[in-house]
Amino acid sequence: MEWQTQRNAPALGTPLCQLHDIPDGQGKEFVFGSGYHAFRMFVVRRGAEVWGYPNRCPHFSIPINVQQDRFVTSNHSLIMCANHTALFQYDDGYCIDGPCRAASLDLVPVSQHNGMIRIRSASARRDRHEIHV
Amino acid sequence: MSTIRASAPHPHTGYKSFELGAFSFSRDEYFVTVSWPAREAKLSHTMPVDAFLKALMRDVSWGFFYGWVNFDAVLGTRNRYGSVELYAGRYNDGYHDSVLDYVETFGTPHILATFKAVLTDWTNAGFDPFAAPAETGTTVFGKKNGDNIAAIERNRETCRRMPGLPNDAALRSDDNGYPINRAFPDVDQDEPEVQAEPGFENEVHAINLFKYLSRSDVTWNPSVTSVCRNSLFCPTTEEHMLPIIHGNDRVEWFIQLSDQITWQVGDKETGRPRARVIMNPGDVASMPADIRHQGFSPKRAMLLVWENATPGLPDRYDSGELSPYPIDL
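Going down the list, the protein sequences come from chains A and B. Residue numbers for the first sequence follow my numbering, so the first one is 31 and each next one is one higher. Residue numbers for the second sequence follow my numbering, so the first one is 8 and each next one is one higher.
If we strip away everything but chain B, and leave its shape as in the complex, we get:
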């Protein structure tokens, strides 16, 4: 059984503090403080609690995702697919060059259990870390005030092959708790008409993807809408900013379906700026395997993320067998 190292609730704020390896995590009414050993001393980093919880929520619900999940320019995790590295300053030149960075590796179930305990204790009633800022309350701040277990136990919505197929994820509707989001009242809600040739009635399936996405209840949390072996279509609706800075360990493809998202792209190792990409409907971008990226969406936008789940990809990129770019220009 994983041992979660937690303090008693703070006598003033009501929040517990946590330790994970040599890292420690505490929060007050506005901020999270993370500490780690550096040069025989203890170094600390402070983040706004809402930003921290939104990042932590993604890391937990995505199972540490592909590669690097940077909570900000200092703190983050790297998925080693069986273990997870928790780092502070490792991918920040200022800390790394000054030998003030720190990395510690944990078994995945252990770090996951600790992160879930932090999320559970620090998320107050009325705050949903998956929601856009305009769609949730400000109860994340202040003293401990209840919890929101239902919100933080959400997972990325998935399917075995495609929503709407027998024994697969259900299509979204008012009846199953997916009303149309306030940003998409004009999205056509008709499902496609399929006219199959005789004998093929059970072999043809189609859905209205825009309808499906218009009913997404969260932001920056992709759903899976088609699985074809290792090819995953993960469309999503995005509003405000991606709460993490994702460092790729493989090539990802982005297809902008509506509205606009601006991507800030930097070097994966150092964070040095590499590009700013402004995507409008119909634009397609390949995010290389050697960058980190963060998206900004001023209005809720639809985005299709195409993921490659082929086993062993990170090692093939690390070894140089695969180029970080899908093509050479």
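Next comes chain A alone, as it looks inside the complex:
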């Protein structure tokens, strides 16, 4: 299901937070709405670059994190589903290892300008490439 069609999905341009609200290399969750139909997404940051994804693992369709705002491996090299250790690349959400290898997180396009992170309009996904942990 496309993220835009989900109930409570944020509108384009919605501000999320300041860049410095996300420690470099780590992630932060954003929740729109409440209860059963809340829209949950997270943003990961590397330097000045940011990427957004719905907080839903393609493996079990359950949230990626178990602890608040903990979305990445301890060395901050990959997004990791804490439930069953699926490992995803920051920049395209591609799963390079784990129980849903070769699946991808859906993309929620975000941008950072003058230190403010916002939802932005969709653009082409980057080319996939292999990296190793």
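Please keep in mind that the hints were generated in silico from the structure rather than gathered at the bench. Every value quoted in this text rests on a predicted model; they were computed, and no experiment measured them. Just to be clear, a hint being listed does not mean it is correct.
Claimed, not checked - A few chain A residues that face chain B, going by a derived Cβ cut-off under 10 Å, partial list only:
#1 Phe60
#2 Ile92
#3 Asn95
#4 Ser107
#5 Ala116
#6 Gln119
#7 Leu137
#8 Pro139
Quick reminder that beta carbons are idealized off the backbone N, C-alpha and C, glycines included.
Chain A is already provided as a structure; the job is to place chain B on it using the hints.
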């Protein structure tokens, strides 16, 4: 990149030995030996290699699962959801009270990569650690003899919402490699007939769960057959014994669908016996969040495991916010 510390193949057996932190792992033709530092010395523990590989297989394929995966009364892992504790004797009173236990924490990708390397090197051709003893060979014993990559790269079968839906897991059939298991030749294979009201044709879906389970090719490896937010139905077929002793970090519900499973239930911290639960078809049991359990199934049985994947549950149980029991009797 994770560095896997492995030796050259042993000149006699052909198997590599591995080190992970201060732990070391080696195997011979029948046994696995795990060593760890204790009281300025090195302590060792020995397990049959088939039991070790079956436990290791579950730990790897389940991504360290919920909470504690005890390989036996001494060795196991605790999932910290981002890191993993590998322990020896920590949840065994004899070792722990004598200060002979040891725990070391690893980044999840690092321990996973090492465990996969052990599994790959030590699993011989013809042995499937996911299979029931009567359904696989005895080539696990003896000197190194090939490998079985296809078997050990199996994962828990999952679905996004429910098998059979568009863009979701396929229903099982002879055509896609899921023949009926030898234990279930009498299971009805008809799919349910759905008569939807006009306008609702694409909103109603049903499957024959017994048919789906009768075609499971493994044992003690739940599939996911429905996902409703954080509620997961994980039915499975079980034969022989659960190769791990699972220590819960949340409440799990078990619903016995066929045949019989006996559960040995103990205290999560110490392993002291707490209950023996014999489940027959239709029985429902709640496994509390403060126990460890191991199941024994003399004949292949169908079991529905209902899991709660709500984020943050372990912390809420640890803090006492949630009772380990779903109700007070």
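Against the structure, the hints:
1. Phe60: violated, 14 Å
2. Ile92: Result: holds, 4 Å to nearest chain B Cβ.
3. Asn95: OK, holds: Asn95/A within 10 Å of chain B, min 6 Å.
4. Ser107: holds, 8 Å
5. Ala116: Holds. Min distance 8 Å.
6. Gln119: Given a least distance of 13 Å, the restraint on Gln119/A is violated.
7. Leu137: violated, 17 Å
8. Pro139: The hint is violated - Pro139/A has no Cβ within 10 Å of chain B, the shortest such distance being about 22 Å.
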